[in-house]
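Given chain S's structure and the hints, the job is docking chain D onto it.
Protein sequences, first through last, are from chains S and D. Anchor point for the first sequence: position 48 equals 48 in full-length UniProt numbering, and the numbering is continuous, going up by one each time. Anchor point for the second sequence: position 283 equals 283 in full-length UniProt numbering, and the numbering is continuous, going up by one each time.
Calculated directly from the structure, the hints in this document are not laboratory data. Computed from a predicted structure; not experimentally measured. Certain hints may be false.
Because identical chains share one entry, a pair is satisfied inside a single copy or across any pair of copies.
[To be verified] The calculated lysine-lysine pairs, modelled on PhoX-like cross-linking and capped at a C-alpha distance of 25 Å, are:
(1) K226 <-> K335
(2) K335 <-> K119
(3) K234 <-> K335
(4) K144 <-> K166
(5) K161 <-> K144
(6) K274 <-> K262
(7) K335 <-> K192
(8) K192 <-> K79
Number of protein chains: 2
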Amino acid sequence: MNAITTHHQFLRSGGDATLPRLLKPSPLCRPSFAVRMSLREDAPSLAVVGVTGAVGQEFLSVLSDRSFPYRSIKMLASKRSAGKRITFEGNEYVVEELMPESFNGVDIALFSAGGSISKQFGPIAVDSGSIVVDNSSAFRMDEKVPLVIPEVNPEAMAHIKLGSGKGALIANPNCSTIICLMAATPLHRRAKVLRMVVSTYQAASGAGAAAMEELEQQTREVLEGKQPTCNIFKQQYAFNLFSHNAPVLSNGYNEEEMKLVKETRKIWNDMNVKVTATCIRVPVMRAHAESVNLQFEMPIDEDTARDILKNAPGVVVIDDRAANHFPTPLEVSNKDDVAVGRIRSDVSQDGNYGLDIFVCGDQIRKGAALNAVQIAEMLL
Amino acid sequence: MNAITTHHQFLRSGGDATLPRLLKPSPLCRPSFAVRMSLREDAPSLAVVGVTGAVGQEFLSVLSDRSFPYRSIKMLASKRSAGKRITFEGNEYVVEELMPESFNGVDIALFSAGGSISKQFGPIAVDSGSIVVDNSSAFRMDEKVPLVIPEVNPEAMAHIKLGSGKGALIANPNCSTIICLMAATPLHRRAKVLRMVVSTYQAASGAGAAAMEELEQQTREVLEGKQPTCNIFKQQYAFNLFSHNAPVLSNGYNEEEMKLVKETRKIWNDMNVKVTATCIRVPVMRAHAESVNLQFEMPIDEDTARDILKNAPGVVVIDDRAANHFPTPLEVSNKDDVAVGRIRSDVSQDGNYGLDIFVCGDQIRKGAALNAVQIAEMLL
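Chain S on its own, in the form it takes in the complex:
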């Protein structure tokens, strides 16, 4: 892919006016929120919680892109955003303040408003009979709540039925976990992963639209010889990188890293898989990259691995050694598929018991909004 295309891709976005300049739609941008036939009487009623945020806006993009059928859709956000107007698929909606009553008559509620909002309003929505797909970490490790990547473990939510009148919670995994497991799972199914060493290269978007704006602003300031403004992050982000800003736990891992460790075990339903991770924030806007070293129980050679990944749903292989063309964050930005490349037998392991791979995925899309909407689609 040439630099021009990638550059325009980089500029594409869900189209929220509150998103940073760098992410505004470009002339090449797909039409957002085009008028579709997905407004139907027999379809479920939806609610989007945190609709003005980066992921909330991407929820709308993905619902529209995939012609997700709905009877009605409620745009919910904090009091601060209430009253804002959003045009979605040809209709104008007024953003409503999130209230306990907000979920009356709502069949499916997509949450992305942070863990505390999910903890407070998730159970209320469930009591109102809504099926909640929650993008926060609030319920991910709750053993009664399925943690689902549709391509990986759809069976975990098989017992949850739309229209049963019974509310339920389904958790969306952390973005780094989703992107890593989209590539690792097909290989795990073939040769069983015993141990995984992950190093991440995480985009600003994981910290929200404000973090993306801060990266852009800081970069402008540094280029102008000014001191960079540090609001979201306490240190310079432009032309720099740093250990992920999540709190560091007593074992020295930060919460982001332990999500990869624990969520992998739950999603694979394998309490024995060994995972270690080092999570780093890099000055990239909206797609994560991950360097993943895999140790297997059974031998698997790199050609077999490549074939398996080429046939894996939601995965695209970009692995052109001659052209030195491999996945990059820009190339997967605003894309649904997770890209995998640098697929090679690990020279530090004997036989074919090890592989190194490099994975890139759009953090806002497959890492959050797309995966959540795919979960909702499985309910239809």
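Frame of chain S, contents of chain D only:
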């Protein structure tokens, strides 16, 4: 360290007018090439090959900073740069075109002009009786040529004596190897590293001053909504990252990765140590970061590891979990020490047989020029 200091650090440089704007000296910059007492009749005669490049300029900075004694110093470069004037420690020098005769009377020659120049002129310099410290990869794996990190394996060059009239070659390891082994070696000495999994976050400087300029120019272009200019790299670098641009070998590893694998074995004189690496170029100017997972033969707990690293020469520990303050490329830019943090027992390994660490080092300084000058100092 606050953002302001880091920002100014970021702006500091060896002071070459050909370096990108972002790297020009700032008001806080140490005085480069100040008048020193290091010009002495009894000192060796020096030559700097590739003196107008990023590393060549840093050679001069480091020689001056460390008051390296010299009787005379020849500034050598390609025909293109010949005739340029360089003021060094109060004296003006004219850059001379590199010729076979350039090494007559030269005791120590510091080379950083690329592998082909080293292959062509290195042996000529040796025949002229010069001791060559070569920053290229040309002779690193030549078993007759010591590959040296002074803090790690000084014994490898013990047989090479200045003033013996006998020329010799000493190779400077690859930047990623130096930065990794500065931190891994003290732990290796205590508990013996069996296997190392490295993922790098490499700065533009590794591809030279022009790559640093391209990153700056592309970033300006992207911020202005323009298409980024791709000359040095074939894809967008600004707000992106990509697999290292070194050629990819038949085993799927690129040359940069195999340097880490092979140079580690040679420097540690341990043909059994298992190393795998994934090398990634990130949009950072002049310092590399590396995520390193270590497996040991003997148990070593994280507190012991931290104490060992705190006492290791050329290493500084930045490991403040409460403040979430760990090494960053900006914080080590223009610094001599390699910074280590995120020191923790690996949760994916039983007992205390594994550690994860995160390392940052200035690619131009300890990764190249400083290490070479330290090698030269051992000859005095």
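Inset, instruction - Could you place K161 and K144 in one of the four classes (within, between, both, neither) given a Cα distance threshold of 25 Å? - result: Within one copy, since 15 Å is at most 25 Å while 71 Å is not.
Inset, instruction - Have a look at K144 and K166 and pick one of within, between, both or neither, based on CA distance no larger than 25 Å. - result: Result: close within a single copy only, 15 Å intra versus 76 Å inter.
Legend entry - Alpha-carbon proximity context of K335 and K192, limit 25 Å: Neither. Shortest intra-copy (28 Å) and inter-copy (44 Å) distances fail the 25 Å Cα cut-off.
Legend entry - Identical-chain pair category, K274 with K262, by Cα at 25 Å: within (10 Å within a copy, 28 Å between copies)
Legend entry - Identical-chain pair category, K335 with K119, by Cα at 25 Å: This pair counts as neither: shortest intra-copy Cα distance 30 Å, inter-copy 46 Å.
Inset, instruction - Could you place K192 and K79 in one of the four classes (within, between, both, neither) given a Cα distance threshold of 25 Å? - result: For K192 and K79, neither the intra-copy (48 Å) nor the inter-copy (58 Å) Cα distance is at most 25 Å.
Legend entry - K234 and K335: within-copy, between-copy, both or neither at 25 Å Cα: between (31 Å within a copy, 21 Å between copies)
Inset, instruction - Have a look at K226 and K335 and pick one of within, between, both or neither, based on CA distance no larger than 25 Å. - result: between (35 Å within a copy, 22 Å between copies)
Of the numbered hints given earlier, the model fails hints 2, 7, 8; all others are met.
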